[in-house]
Every structure is written in C-alpha cells, then in structure tokens.
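K.L.:
Full structure from sequences and hints, please.
Just so you know, the protein sequences line up as chains A and B, in that order. Under the numbering used here, read the first sequence as residues 9 to 123, first letter to last. Under the numbering used here, read the second sequence as residues 6 to 124, first letter to last.
Do not rely on the hints blindly, as some may be mistaken.
[What the hints assert, rightly or not] Okay, the calculated beta carbon distance ranges per label pair: (1) B/Lys69 to A/Thr13: 26 to 32 angstroms; (2) A/Lys81 to B/Leu31: 35 to 41 angstroms; (3) A/Asp34 to B/His90: 33 to 39 angstroms; (4) A/Asn66 to B/Ser20: 47 to 53 angstroms; (5) B/Met50 to A/Ser49: 16 to 22 angstroms; (6) B/Pro45 to A/Glu69: 25 to 31 angstroms.
Source of the hints: derived by calculation from the structure; they are not laboratory data. We put the beta carbon where it would ideally sit given N, CA and C, even for glycine.
Single-letter residue listing:
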Amino acid sequence: AQKITQTQPGMFVQEKEAVTLDCTYDTSDPSYGLFWYKQPSSGEMIFLIYQGSYDQQNATEGRYSLNFQKARKSANLVISASQLGDSAMYFCAMRDGTGGFKTIFGAGTRLFVKA
Amino acid sequence: GAVVSQHPSRVICKSGTSVKIECRSLDFQATTMFWYRQFPKKSLMLMATSNEGSKATYEQGVEKDKFLINHASLTLSTLTVTSAHPEDSSFYICSARALDRGVMNTEAFFGQGTRLTVV
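P.N.:
Written as structure tokens, this is what we have:
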C-alpha cells in the first residue's frame with residue numbers, strides 16, 4: 009500500500025541557512041513520482057519539485073533540491089538560503105500506478121524561518 | 006503555468022442547505038480532477054477522483070450521496086455538499102491533471118481552495 013511519512017511536525021531555520029525536510033515513502037510499484045508542495049497560510053498548494061523513481065539524478069529547482077535515496081525510500085527536500093517567505097507548510101506527496109494514479113500526501117511539516 | 010480556478014474561496018451556509026464548489030481548468034483540458042478535504046493543521050485527504058463523462062470514484066469512508074461530484078466537461082468539475090452540517094466545515098481543494106501530459110510525472114495543478122463554514 010502507498011504510504012508517505014513526514015516525521016517533523018515543525019522545523020525552525022535561521023534566515024539564509026539551509027534546511028532539510030524529511031520524507032519517507034513506501035510503495036510496491038517500481039514506477040512512481042515524488043512531489044513536494046508548499047502551502048502558505050492562504051491555503052493554495054504550490055508545486056515545488058518532482059522526482060521520478062527512474063531518474064538518475066536528484067531533482068533541483070532553484071533553491072530547492074530533492075535528496076532522493078531510493079534504497080532508503082526517502083525523498084528529503086533541501087531548501088538553501090532560507091528566506092522569510094519560505095515560512096509555510098510543506099507537503100511531500102507520491103503518485104504511483106496503484107489506485108488510478110492518485111496522489112497521496114504526507115502529514116506535512118511547518119517551517120518557520122527566523123530573521 | 007497551468008491555472009486552476011476554484012470558486013468560491015469562502016462560503017458560509019446554514020445547516021441543512023447545499024453548497025456547490027466549482028473547479029475550472031482555465032488554460033488546459035483536464036480529464037481527471039481530484040477533490041481533497043483538509044482539516045486545520047492536517048494534511049490533504051483525497052475524497053474522490055473525478056473523470057470527465059463518467060461517475061466519480063470515491064475514497065473509502067466518503068459518502069457519495071453527501072458529496073456529489075460532477076465532471077461534465079474537460080474544464081469543469083463541481084463538488085456539491087448536500088444538506089451541510091457543521092461537521093462538514095473544512096477546507097476543500099481541487100486539483101486537475103492535464104489531458105495531454107503524462108500521468109506520472111506531471112504535477113497536478115491546484116485550485117485556491119474553498120473554506121466552507123456551516124453554521
């Protein structure tokens with residue numbers, strides 16, 4: 009069965025420093041996609057980064073990078089040079105072939121960036 | 006990027022009335038739309054998958070007669086909360102997947118969400 013686990017309910021980081029948000033997953037499907045979304049207080053879901061299960065390299069998008077360790081089934085998000093505007097909820101998500109390619113979400117991590 | 010518009014953003018209704026929430030893909034065709042419910046400080050819980058021209062597929066524990074989903078066109082899906090009660094108060098958010106893009110590696114585009122309060 010699909011499962012996404014985010015074990016950090018909240019994280020603090022100093023402005024301009026890097027922070028890693030943890031995510032582990034479980035699936036029996038060899039083909040899957042991993043996503044990270046940011047949800048500010050306004051509620052909208054903002055897509056940040058994607059990693060495919062067959063991708064050889066870790067995904068990067070600007071200040072966001074995904075530390076993909078397939079054997080450990082982890083897909084941690086690294087945010088470099090944190091900014092005050094990065095304070096938000098962050099959700100890790102997964103989609104695989106089971107259940108009609110629906111996306112399931114982890115519990116989320118609230119990130120607080122301190123000035 | 007692709008835009009999904011969800012309306013209304015906020016709605017307050019009386020207990021016993023029905024509320025309709027619209028989810029529109031503005032610049033792409035969406036064969037599949039998803040409806041999620043989010044409780045405060047919690048994650049998104051998938052309620053149902055909506056496919057254009059066919060009946061929605063509901064997740065276990067979601068009452069299909071309570072949450073009516075219609076996906077009449079490739080750009081519009083609606084969620085109707087029937088006979089709403091205070092326990093239905095929540096944040097509802099839709100997402101849409103583009104017709105011409107891969108199902109695995111395409112991020113689903115999200116609407117802005119609807120905050121429903123039933124009084």
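K.L.:
All hints, please: hold or fail.
P.N.:
Consistency of the hints with the structure:
Between B/Lys69 and A/Thr13 the beta carbons are some 29 angstroms apart, a value that agrees with the proposed interval 26 to 32 angstroms. Range check, A/Lys81 to B/Leu31: Cβ separation about 36 angstroms, and the 35 to 41 angstroms hint holds. In this structure, A/Asp34 and B/His90 meet the distance hint of 33 to 39 angstroms, their C-beta atoms being roughly 35 angstroms apart. A beta carbon spacing of about 50 angstroms between A/Asn66 and B/Ser20 agrees with the range 47 to 53 angstroms that was offered as a hint.
In this structure the hint that B/Met50 and A/Ser49 lie 16 to 22 angstroms apart at CB holds, the actual value being about 19 angstroms. Distance hint check for B/Pro45 and A/Glu69: the Cβ-Cβ separation is about 29 angstroms, which falls inside the suggested range of 25 to 31 angstroms.
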